[in-house]
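Residue numbers (numbering that gives the first Met the number 0), protein chains in the order written: chain A, 0 to 335; chain B, 0 to 335.
Keep in mind that the hints were calculated from the coordinates and are not lab data. Possibly wrong hints are sitting among the right ones.
As the list claims (entries may be wrong) - Simulated restraints on C-beta separations:
(1) A/117 to B/18: 19 to 27 angstroms
(2) A/117 to B/305: 55 to 63 angstroms
(3) B/45 to A/103: 34 to 42 angstroms
(4) A/292 to B/34: 29 to 37 angstroms
(5) B/120 to A/26: 17 to 25 angstroms
Said to hold, decoys possible - Reference listing, derived: stretches of chain B covered by chain A, where coverage requires no fewer than 3 residues with Cβ under 8 angstroms from a Cβ of chain A:
(6) 17-29
(7) 33-43
(8) 92-101
(9) 111-118
(10) 136-150
(11) 226-239
No residue lacks a Cβ here, since even glycine has one placed at the ideal position from N, Cα and C.
Listed below, chain by chain, are the residues.
2 protein chains.
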Amino acid sequence: MRDDVIVLAHGGGGTLGRALLEEVILPELANDALAELGDAAVIESPGGRLAFTTDSFVVKPLFFRGGDIGRLAVSGTVNDLAVTGARPMWLSLGLVIEEGFAVADLRRIVGSAAAAARESGVEVVCGDTKVVGRGEADGIFINTSGVGVVREGVVLSPSAARPGDAVIVSGGLGEHGIAVMSEREGISFETPVISDVAPLWGLVDAVLSTGADIHVMRDPTRGGAAASLNEIAGASGVTIALNEESLPVSAEVSAACDMLGLDVLSVANEGKVLVICPEAEADRVLSACRRHPLGDRACLIGSVGESRGVDLILETAFGGERVVEMPYGESLPRIC
Amino acid sequence: MRDDVIVLAHGGGGTLGRALLEEVILPELANDALAELGDAAVIESPGGRLAFTTDSFVVKPLFFRGGDIGRLAVSGTVNDLAVTGARPMWLSLGLVIEEGFAVADLRRIVGSAAAAARESGVEVVCGDTKVVGRGEADGIFINTSGVGVVREGVVLSPSAARPGDAVIVSGGLGEHGIAVMSEREGISFETPVISDVAPLWGLVDAVLSTGADIHVMRDPTRGGAAASLNEIAGASGVTIALNEESLPVSAEVSAACDMLGLDVLSVANEGKVLVICPEAEADRVLSACRRHPLGDRACLIGSVGESRGVDLILETAFGGERVVEMPYGESLPRIC
Numbered sequence: 000m001r002d003d004v005i006v007l008a009h010g011g012g013g014t015l016g017r018a019l020l021e022e023v024i025l026p027e028l029a030n031d032a033l034a035e036l037g038d039a040a041v042i043e044s045p046g047g048r049l050a051f052t053t054d055s056f057v058v059k060p061l062f063f064r065g066g067d068i069g070r071l072a073v074s075g076t077v078n079d080l081a082v083t084g085a086r087p088m089w090l091s092l093g094l095v096i097e098e099g100f101a102v103a104d105l106r107r108i109v110g111s112a113a114a115a116a117r118e119s120g121v122e123v124v125c126g127d128t129k130v131v132g133r134g135e136a137d138g139i140f141i142n143t144s145g146v147g148v149v150r151e152g153v154v155l156s157p158s159a160a161r162p163g164d165a166v167i168v169s170g171g172l173g174e175h176g177i178a179v180m181s182e183r184e185g186i187s188f189e190t191p192v193i194s195d196v197a198p199l200w201g202l203v204d205a206v207l208s209t210g211a212d213i214h215v216m217r218d219p220t221r222g223g224a225a226a227s228l229n230e231i232a233g234a235s236g237v238t239i240a241l242n243e244e245s246l247p248v249s250a251e252v253s254a255a256c257d258m259l260g261l262d263v264l265s266v267a268n269e270g271k272v273l274v275i276c277p278e279a280e281a282d283r284v285l286s287a288c289r290r291h292p293l294g295d296r297a298c299l300i301g302s303v304g305e306s307r308g309v310d311l312i313l314e315t316a317f318g319g320e321r322v323v324e325m326p327y328g329e330s331l332p333r334i335c
Numbered sequence: 000m001r002d003d004v005i006v007l008a009h010g011g012g013g014t015l016g017r018a019l020l021e022e023v024i025l026p027e028l029a030n031d032a033l034a035e036l037g038d039a040a041v042i043e044s045p046g047g048r049l050a051f052t053t054d055s056f057v058v059k060p061l062f063f064r065g066g067d068i069g070r071l072a073v074s075g076t077v078n079d080l081a082v083t084g085a086r087p088m089w090l091s092l093g094l095v096i097e098e099g100f101a102v103a104d105l106r107r108i109v110g111s112a113a114a115a116a117r118e119s120g121v122e123v124v125c126g127d128t129k130v131v132g133r134g135e136a137d138g139i140f141i142n143t144s145g146v147g148v149v150r151e152g153v154v155l156s157p158s159a160a161r162p163g164d165a166v167i168v169s170g171g172l173g174e175h176g177i178a179v180m181s182e183r184e185g186i187s188f189e190t191p192v193i194s195d196v197a198p199l200w201g202l203v204d205a206v207l208s209t210g211a212d213i214h215v216m217r218d219p220t221r222g223g224a225a226a227s228l229n230e231i232a233g234a235s236g237v238t239i240a241l242n243e244e245s246l247p248v249s250a251e252v253s254a255a256c257d258m259l260g261l262d263v264l265s266v267a268n269e270g271k272v273l274v275i276c277p278e279a280e281a282d283r284v285l286s287a288c289r290r291h292p293l294g295d296r297a298c299l300i301g302s303v304g305e306s307r308g309v310d311l312i313l314e315t316a317f318g319g320e321r322v323v324e325m326p327y328g329e330s331l332p333r334i335c
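Required output: the full structure, derived from the provided sequences and hints.
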């Protein structure tokens with residue numbers, strides 16, 4: 000490691016987090032399921048393929064337009080299972096709470112987690128609560144882990160993108176990150192940006208039910224679409240090209256990104272899915288998305304080509320190209 | 000809730016934590032698997048019974064005699080699966096790290112978690128790392144969740160203790176709690192107390208392999224044997240009587256408890272299992288324990304009787320009796 004202490008960027012879902020994982024964590028824990036680095040691990044159990052995933056949530060503020068840490072914690076884990084092709088079934092809920100935290104806020108957060116669980120058809124079957132002293136945590140941190148059953152016949156992998164594939168996103172980019180950042184920084188817009196945080200199994204199930212030959216799915220959370228697509232391209236040995244003009248970005252998100260100096264491609268989403276499939280299947284996938292309320296703004300945003308020595312390229316509105324780097328990780332701390 | 004803010008005792012594994020669970024968390028999340036409140040949830044999956052559990056670790060200090068937060072996090076989750084009668088298979092590792100944390104310490108902790116995983120025959124198949132700012136956490140918090148496969152024919156439940164059952168513990172009480180407290184408080188003894196933190200699947204498997212009709216197993220962590228046995232007695236509608244003279248407590252632990260004003264029965268263990276089985280099976284269970292290196296000090300410590308209107312009684316060395324209450328939860332913060 001370049002640094003001898005942990006910095007915020009180690010948690011930002013970008014280059015530095017990846018280095019931490021590869022240099023400190025993976026060497027100790029090496030095994031096939033972990034090495035895949037998917038959103039969830041797929042494990043062979045006596046009864047078939049299960050998906051297993053974990054996520055800790057440290058979002059600040061805890062309540063924001065469109066959701067709160069409870070809804071986020073359930074949606075995030077449901078979505079990691081979903082994009083592995085697994086029906087989310089069972090969730091755990093681990094709470095680390097700071098002494099002095101309001102019980103009323105805890106009730107609201109747990110209620111919101113429960114509502115998101117009902118929305119996704121999952122049950123929270125186990126949990127744990129720890130309390131630390133004042134100043135030893137910041138309000139509440141939540142870990143949710145989840146187990147799902149992988150749909151028969153479905154094999155998705157971040158390394159399965161192939162030249163000739165289409166890249167689809169289920170709706171507007173950057174809405175979660177901007178909603179949280181504007182709340183935190185006290186920035187207000189004429190039309191406020193609302194987080195897209197939502198459990199996506201219904202949408203993903205609809206896409207899988209088309210029978211289309213899906214290669215990769217991913218929910219572009221921390222590090223945004225830039226991190227997800229860089230990872231997929233790297234793992235698949237291809238170059239992904241996005242078309243700037245077709246990126247679905249609302250005027251409000253776009254204005255906020257300008258104001259905050261952010262590239263919308265690196266801003267977190269919590270209710271969107273990226274789908275990569277052969278171009279010939281794209282129309283089927285797009286129609287399935289658009290028939291679902293969480294996918295009605297789905298669109299084709301790019302394509303996969305042979306490797307050109309870089310992972311991700313943006314074809315700009317002016318006919319130019321720019322390389323979209325893996326975000327370093329420091330620009331949006333505590334976004335999820 | 001009596002209080003409108005969270006206090007340390009809400010996390011202490013005692014009465015107040017139970018109230019938080021029953022009044023704030025369970026009403027929102029009610030389902031059969033969760034309602035059982037076992038160490039792990041047993042879920043019916045397509046291929047058989049799985050156990051699923053989660054635990055967050057906030058122990059302070061992070062390194063203590065006999066272990067560290069990494070070994071603790073893996074052992075704790077392995078043990079929760081084991082006492083449900085499940086072979087631990089897959090673990091997740093969720094890290095919340097404070098900015099400025101030393102990478103060398105992180106390496107040591109992950110290495111220690113990996114060693115404990117190898118010792119237990121489990122794989123860490125998924126993980127997550129979040130970083131929060133300085134002063135927003137205390138070093139590192141770890142969540143481990145785990146999935147195991149329940150042994151065929153084994154049905155253990157905290158509500159299955161029956162009059163006529165024997166109560167066995169696999170070794171000396173209070174060693175983890177005292178090791179951590181003496182480290183934290185800077186108390187030194189002539190012979191230092193070493194935490195018993197260890198993964199117990201090997202020992203539990205040996206006990207189950209005797210074929211004895213085991214009713215309940217539990218690892219008495221937060222709140223110690225007092226909390227575990229109060230919960231079991233309450234859930235089973237029985238009274239459990241412990242014999243003070245037969246409790247395995249080392250001279251060092253006993254002296255430390257006196258000095259710190261603690262009842263050893265409420266001090267955390269991280270490498271011990273309580274086994275409740277018909278008295279006729281007790282010898283078989285004891286021999287199986289004693290043949291295992293982690294159970295060589297196993298002994299019979301009490302018996303289960305018809306309910307006498309209280310959950311847990313200690314028959315003292317002087318022929319008296321005292322009721323052992325459920326600990327309130329405040330005496331040993333951040334012990335695991």
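Verification of the supplied hints:
no.	hint	result
1	A/117 to B/18: 19 to 27 angstroms	25 angstroms, holds
2	A/117 to B/305: 55 to 63 angstroms	41 angstroms, violated
3	B/45 to A/103: 34 to 42 angstroms	40 angstroms, holds
4	A/292 to B/34: 29 to 37 angstroms	33 angstroms, holds
5	B/120 to A/26: 17 to 25 angstroms	20 angstroms, holds
6	17-29	holds (count 6)
7	33-43	holds (count 4)
8	92-101	holds (count 10)
9	111-118	holds (count 3)
10	136-150	holds (count 7)
11	226-239	violated (count 0)
Checked against the numbered hints given earlier, the structure breaks hints 2, 11 and satisfies all the rest.
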